[in-house]
Structure formats: structure tokens, C-alpha cells
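Protein chains in written order, with this note's numbering: chain A, 712 to 1214; chain B, 42 to 226.
Incorrect hints may appear among the rest.
[Unchecked claim] What follows is a set of in silico ranges between Cβ atoms, one per label pair, in the way DEER data are often shown:
1) 1000(A) / 49(B): 56 to 64 Å
2) 746(A) / 124(B): 45 to 53 Å
3) 161(B) / 1003(A): 50 to 58 Å
4) 846(A) / 178(B): 46 to 54 Å
5) 161(B) / 992(A): 18 to 26 Å
6) 105(B) / 1000(A): 19 to 27 Å
7) 219(B) / 715(A): 39 to 47 Å
8) 219(B) / 826(A): 17 to 25 Å
9) 178(B) / 852(A): 52 to 60 Å
10) 186(B) / 848(A): 54 to 62 Å
11) 731(A) / 57(B): 52 to 60 Å
12) 78(B) / 836(A): 52 to 60 Å
Because the hints were derived from the structure by calculation, they are not lab data. Beta carbons: idealized from backbone N, C-alpha and C, even for Gly.
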Amino acid sequence: MSIKAEEISALIKQQLANYQDQLKVEEIGTVTYVGDGIARAHGLDNAMASELLQFSNGSYGIAQNLEANDVGIIVLGKFDDIREGDTVKRTGRIMEVPVGDEMIGRVVNPLGQPVDGAGPIHTERTRPIESPAPGVMQRQSVDQPLQTGLKTIDALVPIGRGQRELIIGDRKTGKTSIAIDTILNQKGQDTICIYVAIGQKQSTVRAQVETLRSFGAMDYTTVVVAGPSEPAPMLYIAPYAGSAMGEDFMYRGKHVLIIFDDLSKQASAYREISLLLRRPPGREAYPGDIFYLHSRLLERAAKLSDELGGGSMTALPIIETQAGDISAYIPTNVISITDGQIFLESDLFYSGTRPAMDAGNSVSRVGGAAQIKAMKKVAGTLRVDLASYRELESFAQFGSDLDEATQAKLNRGRRTVEVLKQPLHKPLPVEKQVVILYALTHGFLDSVPVDDIQRYQDELFANFDSNHEDLLTEIKTTGNLPDEAKMDGAIKAFAEGFTPSAN
Amino acid sequence: MPMKQNKFSVAKRYAKALFEYSDEQGQLDAVYQELVTIQQVLQETPDFLAVMKLDSVTTAEQSKIVATLAQPFSATTQDFLHLVFDYGRTADLDLIIAEFVERYNATQGRVMIHAVSATSLSAEQRQQIGQAYLQRFNGKSAQVTNTVDPELIGGVIVEAEGRRIDGSIRTKLLKMRALLAQPLR
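Okay, chain A solo, but in the shape it has when bound:
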């Protein structure tokens, strides 16, 4: 291929055509202090709160503290070549990130710049990272399900589109796995996913992106990464940047799932910034507006009214607790903001019950309205069954002489726990969840040995796939439970052919 000089000069001309020779009046200030990701500047008398400022080295900053003599600025990006005496100029804008369909499938930093090495992103639009949440009249109640593909969640703490459901638990209890599995299950559901990784190890994020890619989930997912080595301001703005990207889809009538992994690290980053900006520390040294930090973020998740296109943004914030202490400051704050929580326990996790959800402490405040009818029918008694099983379990350890009713309850309970277990990255479609839960609540599993439950389930699904597809489609399309006689017949026919493993 030969390169022609005319072509090159034509291209350069084309680029230079955009050059505008205009004098601009800039409002400037002088840096008086810089360090640890924040700077103070003298002057900038007209700067507004949260305004974007530009340093003379090209880095951007956000005005945070407007004081009598100076402005406290958080620096986004490089701050080691900003010096005392440098100028800062106002931009008159607030920070914006690129948004649009072009962002899908990309891994970006909180400024919206690609970090996946796949070239520049040619977006046409941008959106401010802070924007007011939809008001009362712009919303409607949550009534569509967002299937996570996890039996234990879809049956016990169903999540609706536009809901905010907190995932909370100690480290290594499977919080992120639930989030990733939920993303995987959105395949073909016409839902855009945004995964915001805040302060996660870069290696972990890489592994997660690879997981998403290998399951084909990057076709509808954007990953926003603020790594632990980046300055605190980047961690602080990451969830707002992610929300802005999500809102763009929501206001265009699409469904969005956004995951903040995790907000405790964002709170720590904000605490760091606030202490450096010399804001007075409060409880656990967090600043006074730490509640507002999370409430204004999560309030942006919504189910929009039909006039606005009926789009939705479902938020799954994640909070890491220390030694199961959900009464610490940040966990209580976020629990009170969200519409329910999925509480993960390390004891359950290590005893092999995965997902390690504690059914007693987990609730969904609006999700019930968003469950399909068939699921409501089969899962109705599940929570009570589990609760009474947990209660009896501790008694049963002392004596063996139990009456038949108690024995039956224990039996059912053990099988319920077994059915609700689910391997990693294997989300189940809702119709199959209904089938196995139907079999459980109607007593078909009571005679199956506990060790055989998983195999029973797999074979039952295979059997339904090949012999009773009509029943599965009926659940899927109508949302109703098929005729009980048909269901009973199908499961009975399968159970007769099922041979428990001999041991």
C-alpha cells in the first residue's frame, strides 16, 4: 500500500478545519497547596460547587469546598506535576462522562476513557455525572421482575426492575458472584448492565471481565473500573459516572442493571477526601454528608412512568461488613436507603450452602409485586419452611425421639436447603426454578435422599426439556402455573424412572 502525500495533507486540513481562533476570557486562581489528590487554590472567586476546573498541567479537578479565601479541589488524575503557584482555570461546566450505545462492551475508567486497549470510543453524547433523581410524578411502582437466575433470590427476595437491593456480607461470602451471575442471567433479556468496580484489585476485575466475556455477557455490559492505586477522587466519582451511563439508557426507555462493587470502599475514599479537605469528621471519622453521598446515588435508580418511556434502572449496591456487623455506620445507612437486602453469611458459605444467603435476615420490600404468579404460588411457603427448619434444627440435635410431624418438617427443611444451593455461573431460567420448587413444595422430593437432590434436579430438567416443553413454555409465556394435574403427572412419571444412588 502506498501512502500518498495529498491524502495525508487532506486529512490534516480536515482536522485543522475544526480549529477556532477565538480569544476566551478565563477565570483563574493560583494553587496554594497540593497533595494527596487534593489541591487548594486562591482566587477563583466565582467558582461554583462541583464545577470542573483545569490545572495548567492539563489535569482536571472538581471544586469541593468554597471558602472565604480559597477553594478546595479534588484532583482527577495526575497531581504530582502540579506545583504551588500554578494556575487553575474555571471551565464553567460540571463534570460529564461520555454515554451511549458505544460504551457497551467496553471497560472504562470513571472519566469514561477506555482502559481495555480496544481503541477510542466514538460517543456522540455526554452526560453530567451528578443529575437530579426522578421525582414522584416521573416514577411508577415496580412491577416487572428482574430475574437473577438464582433460586434462593428469585424465590425468597425477588428483585423488581427499578428496585435497589443491597447485597451485604463479610469478605469472601460470594457478594460479587451474585452480582456477576445476575449479569449473566440478563442475556437476551434486553437489559443493559453496568458493573462499577470501586477499589477492587485489578487482577480481580480482569478475571471478572474475562468471565463476562466468556459467557457472552460483555455484549450488553459496560465495566467502570476505579482501581485501588488510583487517587481517592476517582473512587469517589466512579458510581456517579456509572449511574450517568445507566441513566442515558433508562431515559431512552431501556432497562438497566447497575452494580456498585462496593460502596464501603467508595465511602472510605470519600472519608479520605473529606479529611484532607479539613471537613469536620463525624462518626467513624466519616463526614457529615456521608448519608447524602449514598442516598443521592441510589435515588437515581428508578422505574420511570410510561410517559417517560417506562425505562428502569435497577441498582444492586454491595457493602462489605466486618465480622458480620451490620449495625456499623455505612451498612445501616445503606440498608435504610435501599428497598431490601440480601444478607450473606460466612458460616453458611463455609458449610457449603452457596449462595450463602441468610433467609431470615434478607428481605425485599417491593419485590413481591414483581414476582410471576407461578413463582409466588410455589415459593409462598418457602420462607416459613426454612425458618421453622432452622428453629427445629437446633432442638433436633439433642434428642432422637421426635414425633412424625417434626421429622417431616426436618426432612423438608433439609431438602429445601439442598434445592436452594446453586453452583457458580449457572443461572437458571425462571420456568425451571418454578418446576423444581413445585416438586419441593408438593412433597415429591421428600423421598429422595438428600445427596441425590442435585442429580434429581438436573435429570428432572432434562426430562422436562425433552418431554414437557409445553409446560415450561406455558410458565414462561403466561407466568401462570400450569394445571396441577399435568404438573403432578409429569413429575410422577419422572420420579418413577429415577433411581437413587445405591450406597
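On the provided structure of chain A, position chain B as indicated by the hints.
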């Protein structure tokens, strides 16, 4: 508030007090002239402020130096310099004077303009810059100072009242470079 005041807010207070006091006494213009002279002295002897900051120089010795500085001036200015010294703020004298001058200029409608250019500006050019600025923004008169920075290549950067109008060739070239560095669509 028990928090330690920073030197900028301290300077503002002293400047305001002196300004209002000398205005009441009807000596505003005289005090202004004297302070401008002191400002010049401070610029010519940068050691003065450094010595005032040093703990190793005794208060008695510092007092003598301040007395020498204050001697030629009017009673109001002398009192002010001694008061500032008694409260241990002499090290911030430059900031206080700067605040005073700024305040004085604001009431007189005088704008201090600083122009950076590649070659030194003639008196006529400076006047034109001042006129152009006054036409665009508020103010009655303008005083233009000029520094030379050959790195600008050409054009002029005008700075006044926290505003900057950058018309230098260097900035234009940098902008052009940024434009060319953008990937093609």
C-alpha cells in the same frame, strides 16, 4: 472559631481596618502612597520579611528594624506598622499591603493589568491594552505592567482581576497540536 486563621484572612482584616481608619481620618490617599513606597522597599529588600519570620532574631532587634522602616512616614502609617509588629504579623506585611492596594484600587475604579508578552510593550501598546480592557469590563482607569517571556513566541497574555485572556502564539500552537493529536473519526 478556635481554628487557626490563615494568613490570607488575617491580611484581609488588617487591610480593611487600616483602610477604614485612614478613610475616616481623611488620609486615604496619603496612606496609599506611603504603602506603595513600603511595598517597593519590601520588593527591593526581600530579607526584611525573612528576618521578621526568624525566631533567632530577637524581638528587640526586629523592633529596631521596624522602627527604621517606619521612621520617614506619617503618624497613621507609623502607628499601623507598630501595631502590626506588636501583634506579630509583620511577616505578612506584604499580603496586608497587597490587600489594601486592591481595596483602594477597587474604590477608585482602577484596574491593575498584568500583560505578559514575547517582546517588551511600548507605552502606547500598554495604553491600548488598558483601554481595550476597560471597554470590555468595568473600571475607570487602568494601569498596565509588563513582563517579557520569549517562550510565548508572539501575542500577549492579559491578566487582571482573576481573569486571563490568552492570545499568545504558544497557546494557539498547543491547541492546534491537541487538535491534530485527536484520532480521526
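Hint-by-hint comparison with the structure:
1. 1000(A) / 49(B): 56 to 64 Å: violated (26 Å)
2. 746(A) / 124(B): 45 to 53 Å: Check failed, 35 Å falls outside 45 to 53 Å.
3. 161(B) / 1003(A): 50 to 58 Å: holds (54 Å)
4. 846(A) / 178(B): 46 to 54 Å: Roughly 40 Å apart at Cβ, these two residues miss the hinted range, so it is violated.
5. 161(B) / 992(A): 18 to 26 Å: The hinted range 18 to 26 Å is violated for residue 161(B) and residue 992(A), with Cβ atoms some 53 Å apart.
6. 105(B) / 1000(A): 19 to 27 Å: violated (52 Å)
7. 219(B) / 715(A): 39 to 47 Å: About 26 Å separates the Cβ atoms of residue 219(B) and residue 715(A), which means 39 to 47 Å is violated.
8. 219(B) / 826(A): 17 to 25 Å: holds (21 Å)
9. 178(B) / 852(A): 52 to 60 Å: holds (54 Å)
10. 186(B) / 848(A): 54 to 62 Å: For residue 848(A) against residue 186(B), whose Cβ atoms are near 58 Å apart, the range 54 to 62 Å holds.
11. 731(A) / 57(B): 52 to 60 Å: violated (43 Å)
12. 78(B) / 836(A): 52 to 60 Å: Given range 52 to 60 Å: holds, Cβ gap about 59 Å.
Of the numbered hints given earlier, the model fails hints 1, 2, 4, 5, 6, 7 and 11; all others are met.
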